[in-house]
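Position chain U against the provided structure of chain F, taking the given hints into account.
Protein chains: 2
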Amino acid sequence: MNLARVAQILGITESRLQGLQETIIRESAWPEPRLIRFEKEASGVEAGTVVFENGDIVFGYPKIRRPLFLAPAIERHFSGAVAVEEKMNGHNVRVLSVSGETVALTRGGFICPYSTEVARRLVPEEIFEKNPNLVLCGEMVGPENPYVAKEVYPTDSIDFYLFDVAEKNRKGTAGVHKTHELAEQFGLKATAFLGQFQKDIAAEKIRHIVLRLGRQGREGVVLKDPENQVSPIKYTSSATNCSDIAVGFKYYNDYATDFFLSRVVREGFQSVEWNESEEERGERAQRIGESILFSMIETIEKKRAGENIVQRVIIHVRNLQTARDFEYHLRRSGIRALFDPPMPDDEGYQIGITKLVMSTNDKTQALLDGEMW
Amino acid sequence: MNLARVAQILGITESRLQGLQETIIRESAWPEPRLIRFEKEASGVEAGTVVFENGDIVFGYPKIRRPLFLAPAIERHFSGAVAVEEKMNGHNVRVLSVSGETVALTRGGFICPYSTEVARRLVPEEIFEKNPNLVLCGEMVGPENPYVAKEVYPTDSIDFYLFDVAEKNRKGTAGVHKTHELAEQFGLKATAFLGQFQKDIAAEKIRHIVLRLGRQGREGVVLKDPENQVSPIKYTSSATNCSDIAVGFKYYNDYATDFFLSRVVREGFQSVEWNESEEERGERAQRIGESILFSMIETIEKKRAGENIVQRVIIHVRNLQTARDFEYHLRRSGIRALFDPPMPDDEGYQIGITKLVMSTNDKTQALLDGEMW
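Chain order of the listed sequences is F and U.
One point on numbering: in numbering that gives the first Met the number 0, the residue at position 310 of the first sequence is 309, and numbering is uninterrupted.
One point on numbering: in numbering that gives the first Met the number 0, the residue at position 273 of the second sequence is 272, and numbering is uninterrupted.
Read the hints as simulated data drawn from the structure, not as lab findings.
Model, not experiment: these values are computed from the prediction.
Don't take each hint at face value.
Pairs involving identical chains hold if they fit within one copy or between any two copies, as the list cannot separate such chains.
Cross-link-like lysine-lysine pairs, in silico, DSS-like; alpha carbons within 25 Å at most [as the list claims (entries may be wrong)]: (1) K301 x K62; (2) K362 x K62; (3) K302 x K233; (4) K39 x K167.
Looking at chain F on its own, in the form it has when it is part of the complex (with noise of 0.2 Å):
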């Protein structure tokens, strides 16, 4: 590769991008074609960022940041009005048309085999053909989100929605406006937009939303700026916050210290903005209580019950090779997941996936058998 140029674009100096190629850059020769990745972030270069072995460049896709108390950050962060987008609940993936081909790239920089092939059912080719260098950044939800299954949206397979739009090779996206603008021109799925309100009275409109989308099970909001001036945040239910953390005591073992500290807090802060009653704040704490004791109970009824804790899903594939490389994938992934041998149906196979999760299980079992924590 060109390393000058593609320092330049990446705009940091050839010799700390050589410093990085021994460090933090990691090469994909699979699935074709070749790529080099970031894994981290380093010298302002986002992480999941991409260099195709045909020079093309694509720039990770920026993390989201997180207030808690949602009116100071807003009257912080915001100049003016607010644009409220839906925040979906499935992998974030960037889609592009590399050498002619439709690719879908995870967070991390890897090309996903069964996001592409869902990319290629869903994103008319048409749209690379006139656009070459675009880069859409969208969200893949559904019961069939290997990832992230999700009951609670439009679809009883898997689905993409469109949140953002990038171009090959510059830093930087195109902002709400000019992505639902495309979304409608080439009748692609686009989060939902709610609304674009004045910075004062945001949080409040805000918390009417939020409160909504939770009584749906849906996740929450990403709030942008209108001019794409600022970065965009974000700002989730307590319903979501609860179904997470119950995932993640359900898998406590594997899981639940992960992300606990963080929603739980989420939610005191939540319930302190909005001035919740005792009532409200009583059935908060039942919600989080619940959330955390009945997901465990679950598991741990189960193993006494002789079954095993896994993780299962169950997805559709046209082509029986996206199974085979999806399964690499996941391994390469560090997801430890066994794939039923495939059952043809009218549009190609279904594929019933367990996700393994050992140490919960194992964790389990020796405790039921007497032994210490």
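Coordinates of chain U only, in the frame set by chain F:
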């Protein structure tokens, strides 16, 4: 010090002892008498083991392990009967006489000036005149315990409860029955003996005991082999798990994650082992949720009202020097605390202590100001 003799008593080689001196053995020249302490366990020598300059050796008190599923643990661990004692919630000290002076050692092997003054007040010197090698292992509890202040015990200041006895220069402890005999003989308080049961019925008996203790806000039980052939194990009430969680979340950015997971997992296993009804589980969930949320909310609202997030405790000392020494001891133990000016009272001085929890204090302020998590 006579390395050969010390090594021989500790049960390690002289060269190993020399090696440890550069790594995990620390010297403590203050307060008198000088000593060396094992900061961590090494070669089978318990953490907190102390060698005084006069050659006296005091072994660290062994860590007591905890099962989460009680019945099978008892079945595996014990041979015949199980003796049940109350586990008290304070700080663990070893009281002994060195060169004619009574001192109290913390778990880590420091001489604690405050605990030492309390021990000198509560433990008759006669005990050590009659048994110069005696080491009294006990719990200091009460509202004036500056480490763990608890109101639930029958003292309005601080008291000492014996739970085991050991001897200088000898590993191991004497066990339940000798401990209670000695306490009786010298009029010392001992942790309550709650019965002795055959192991097949012990778990059920203990369930009732733990439920009763929980209703009284007490911590739980330590299970011991009456013959002192196997190590003790411990088991705690839901009430104490939740009150610990509440403290953790009151200072969520300083303590929460440290011990959160283990405590909620205990709740899950206890609920399953006790085959609780839906209703009982709902109440347990509420209890857990409230201990998390309400204490956190209290902190956030306190901070929003402009108060600092601190821990307050009041102690009484006979001697002003004890207070000055204790202030230094807390600092060397890594605890940041401010001491009020002493207020003379009938038996000495009352001193208010403010323990600072900076991380929670600062983090809460920042989040209230709208900073991101």
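task = Could you place K302 and K233 in one of the four classes (within, between, both, neither) given a Cα distance threshold of 25 Å?
result = So K302 and K233 pass the 25 Å test across copies only (24 Å; inside, 37 Å).
ask   = Is the C-alpha distance from K39 to K167 at most 25 Å within one copy, between copies, in both cases, or in neither?
value = within (19 Å within a copy, 55 Å between copies)
task = Indicate which option fits the pair K301, K62 if close means a Cα-Cα distance not exceeding 25 Å: within, between, both or neither.
result = neither (37 Å within a copy, 32 Å between copies)
task = With 25 Å as the alpha-carbon cut-off, assign the pair K362 and K62 to within, between, both or neither.
result = Answer is between; shortest inter-copy Cα gap is 21 Å, intra-copy 34 Å.
Going through the hint list in order, the structure does not satisfy hint 1, though it satisfies all others.
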